[in-house]
Amino acid sequence: MRMAKYIVKRVVLMIFTLFIISTMCFLLIRMLPRVLPQEKVQAEAIAARWEALGYNEPLLVQLWIYIKGIFTKGDFGTSWYIAFRQPALKVLTDRLLPTVLVNLYSLIFATPIGILLGIYAAIRKNKWQDSLISTMVMVFVSVPPYVYAFLVQYFLYFKLGWLPLQVYSLADAGNSWLSPKMFYSMIAPVLALSFGEIAGLCRFTRAELTETLTSDYMLLARTKGLTRSQATVRHALKNAMVPILPSIIGSFIGILGGSFVIEQIFSIPGVGTLYLRAINLFDYDVFMVDCIFYTLVSLLAGIIIDISYGFIDPRIRMGE
Amino acid sequence: MRENVVYGDLSQIPKEKFVFVHDGERISDKKFDDKPVGYFKDAWIRFRKSRASVVAAVIIILIILYAFAAPLLIHHSASFMDPSYAKKAPRILACLNAGFFDGATKRDFSERGLVKALSVGIGAEDYDGRGVALEEGMESYYQPMKSIGQSRTVINAAKKETSIYPGRIDTYLEVGFVYKNIPQSEYKKICEWEEENGLHVFYPLVQDNEWNMDYSDANNWYKSKKGDPVTVSEDGKAKTIPYGPGMILEDNYKRDADGNLVYWEYSGGGSFETAQYRVRMLYYNYYRYQNGMEPEYIFGTDSQGYDLAVRLGDGVKLSLLVAVCVSVINFVLGAMYGAIEGFYGGVVDITLERVSDILAGVPFIVVATLFQIHLAAKVGPIPSLLFAFVLTGWIGTASRVRTQFYRFKNQEYVMAARTLGARDRRLIWKHIFPNSLGTIITSCALTIPGVIGQESMLSFLGIVKLGTAKVTSLGTLLSDANGIWTNYPHLMIVPAVFLSLLMICFNLFGNGLRDAFNPALRGVEE
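Taken in order, these protein sequences are the chains called A and B.
Going by numbering that gives the first Met the number 0, the first residue of the first sequence is number 0, and it counts up by one from there.
Going by numbering that gives the first Met the number 0, the first residue of the second sequence is number 0, and it counts up by one from there.
Here chain A stands alone, though its shape is the one from the complex (with noise of 0.2 angstroms):
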């Protein structure tokens, strides 16, 4: 009950976070001049649609209209450069499944090395192995994605000629993302991505896994009689994962928002890449909706992380 309580206190505070969020997004966006395009025939039917619109109308009366469509219609405005008069919210859905594709992959790949290197260095802490892993990790972490990218295409595309430059477009791989040839094309991408993320896992596992090894009820664990395998395996790990478990599930929601770079990069046509497009073409509507999607996508991330603790282990005390 307490857990329901908190669950909603949470989204309807996510939901109120949102809206103004969106509404100063939405505020500063209209704000800018709007650009017409060069042919003039085009120029004067966009404008005349604007006016229908209300694009023309004083500020507070256009987010009437706005927050008035997305509730009556599901209509989050239109794209004008990117994909003429369609919905944006479709253009942007359209690009959703590509970058959910690349994350998801690394994500799937990244998350068990992670975590066994973590565990693997904490218990060989203060070894060799464990400075070995903690350099790698330092120096993995710091490192931004691209240089991982230019990385990956310098030895496996350049040097070694493995892996195609960039992603294929979706004609050359079959007219299907899940075709086996556009995931031969999005190893590299994939790629680029993991290094952090295993890194960044591997320092949590090992940092949350060396704190529950040295705790007292281990040490309680080996006075009955457990061997040292036997206690880190169903009493420290299982307490590591308790802060572990939550990341990782919070990541599962940031992979729709995506990494910028790595899109940028290999020109994967996702979500990164049509924000930057949509601020460049000067496509308002869409950039609007991008913007909210990436708010969206980070609150949740929080939201569910939190929530998330408390399932996990009922211990920690909600609504604090």
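Calculated directly from the structure, the hints in this document are not laboratory data.
Treat each hint with caution, since some may be false.
[To be verified] Result set (BS3-like, lysine-lysine): computed pairs, CA atoms no more than 30 angstroms apart in a straight line:
| no. | chain 1 | residue 1 | chain 2 | residue 2 |
| --- | --- | --- | --- | --- |
| 1 | B | K159 | B | K236 |
| 2 | A | K126 | B | K48 |
| 3 | B | K30 | B | K40 |
| 4 | B | K429 | A | K158 |
| 5 | B | K179 | B | K224 |
| 6 | A | K8 | A | K126 |
| 7 | A | K124 | B | K48 |
| 8 | B | K238 | B | K225 |
| 9 | B | K224 | B | K236 |
| 10 | A | K158 | B | K145 |
| 11 | B | K408 | B | K429 |
| 12 | A | K158 | B | K158 |
| 13 | B | K86 | A | K158 |
| 14 | B | K40 | B | K29 |
| 15 | B | K105 | B | K145 |
| 16 | B | K224 | B | K158 |
| 17 | B | K105 | B | K159 |
| 18 | B | K316 | B | K377 |
| 19 | B | K159 | A | K158 |
| 20 | B | K40 | B | K377 |
[To be verified] Examples of chain B residues lying across from chain A (beta carbon under 10 angstroms, computed):
| no. | residue |
| --- | --- |
| 21 | I357 |
| 22 | V361 |
| 23 | P362 |
| 24 | V365 |
| 25 | I462 |
| 26 | N481 |
| 27 | S499 |
| 28 | L501 |
Glycine residues also receive a C-beta, built at the ideal position from the N, C-alpha and C atoms.
Given the structure of chain A, go ahead and fit chain B onto it with the hints provided.
Structure of chain B alone, referenced to chain A:
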């Protein structure tokens, strides 16, 4: 044998058994021999012990020194730009024969391409049209080909067998000859300079005939057909000569009626002062004439022809400037906000927490973009970038300070100070705040790599546009390399190494600081 007396009752001990311990001595507290170890000194001692952090700090200092000293040490000013030498590989004069940092790249050459590359060196010796053999051309100082490997035979797209020669070529000498229009006065000056130094800048002009495939390319000085070198026999028939030790390229120089070589021609301007000459010159020596030395770029040049070493210094300076500004502003804002939240608690705390919750929900990239679009035209890209960082950056600091305040505000010494009449402001800043100083300094140090990373990402994506002649950032340099770096790896490697080094060192440094200030937190990662 000691006298062994047992006293049943202590009061019965005879008086004479008692002796004064300190007879005539002053009894007072001894002064400490050592100096007291203060908070910061304590932290410093601990910091010194972590070797990695010290090394990181040293590297950071070296990079900062480099950023400020680069314009002084390198003879190119920040605005120096030479489009002819764009995207060139790193070249240090002392390393010209070392096999690295010699401005050379490895490349595969077709036979035609190889002859074209070799022809620069041969042509440089053939300033008087006497006909230079391959061997002499290879010896030339201006020979771009550093080495030619064994040829291998491949089958090309037209299913014909062709030979491919792997080789290393000096990308600076490869530029070879260029056509240029210069005023007459400069022509005279260069002629004097030539005499003084015994170097050749001007070379004979080339005829515009059927043996000159591309009139605008000054490197087509030898008779060629479709790029293949040819000899022309008496009856006007051409014979292709293959690449080989006996190769002599027949020149196609312009000669006047008397058979003298033509070095210049009028290209415009009427009077004596304004007359323009069209000349063909060896760019390498023209560069020497202009700059007083041979081209030397320790990190090569960027895609526009700026010295990458200078650009890099500018980029590091800008990135650090932004990072330090953000971290200082966040320090001040976060400390005040967190102090007020934590000290007053209750309604104030809840309200302020809501505000910071909402701000924390805004994705950084959205803020940065909106600020750029709205403000960049008015206040410039860098201040608007700063605003974007500051808008949400202080929240972390504030929450750390708040936690510290909650921990310390109800302790006895605070109550004692309050009882003695200390005001709120004094309690906050004098009594409680210093407790959170360690955490704040740590988070400040750890803000810096984050900001550097974010800033370079934004400029890499083109959301922040900093690529002007005066201002650049590491991210801009990297985005400059994006797409072309497979052919010019130094464009990407150099900024990437600097950026990664900065990030790694600042992270190590920050971790060292954290361990030093809060030994209890050692090993805990955030």
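Now the hints, each set against the structure:
1. B:K159 x B:K236: holds (25 angstroms)
2. A:K126 x B:K48: holds (19 angstroms)
3. B:K30 x B:K40: holds (20 angstroms)
4. B:K429 x A:K158: Judged against 30 angstroms, a Cα distance of about 61 angstroms means the pair is violated.
5. B:K179 x B:K224: holds (25 angstroms)
6. A:K8 x A:K126: violated (47 angstroms)
7. A:K124 x B:K48: holds (19 angstroms)
8. B:K238 x B:K225: Holds, at about 12 angstroms.
9. B:K224 x B:K236: holds (11 angstroms)
10. A:K158 x B:K145: holds (22 angstroms)
11. B:K408 x B:K429: Holds. K408 (chain B) to K429 (chain B) sits at ~12 angstroms (cutoff 30 angstroms).
12. A:K158 x B:K158: Distance ~26 angstroms between K158 (chain A) and K158 (chain B) Cα, so the pair holds.
13. B:K86 x A:K158: holds (20 angstroms)
14. B:K40 x B:K29: holds (23 angstroms)
15. B:K105 x B:K145: With Cα atoms ~10 angstroms apart, K105 (chain B) and K145 (chain B) stay inside 30 angstroms; holds.
16. B:K224 x B:K158: Between K224 (chain B) and K158 (chain B) the Cα gap is close to 21 angstroms, so the pair holds against 30 angstroms.
17. B:K105 x B:K159: Given pair K105 (chain B), K159 (chain B) holds - Cα atoms ~24 angstroms apart, limit 30 angstroms.
18. B:K316 x B:K377: holds (23 angstroms)
19. B:K159 x A:K158: Distance ~26 angstroms between K159 (chain B) and K158 (chain A) Cα, so the pair holds.
20. B:K40 x B:K377: Given that 30 angstroms is the threshold and the Cα spacing comes to 46 angstroms, the pair is violated.
21. I357: Because about 5 angstroms separates I357 (chain B) from the closest Cβ in chain A, which is inside the 10 angstroms limit, the hint holds.
22. V361: Hint holds; V361 (chain B) Cβ to chain A Cβ min 5 angstroms, cut 10 angstroms.
23. P362: It holds, given that the least Cβ distance between P362 (chain B) and chain A is near 4 angstroms, below 10 angstroms.
24. V365: holds (5 angstroms)
25. I462: Status holds, d = 7 angstroms.
26. N481: Interface hint status for N481 (chain B): holds (7 angstroms vs cutoff 10 angstroms).
27. S499: holds (4 angstroms)
28. L501: holds (9 angstroms)
Checked against the numbered hints above, the structure breaks hints 4, 6 and 20 and satisfies the rest.
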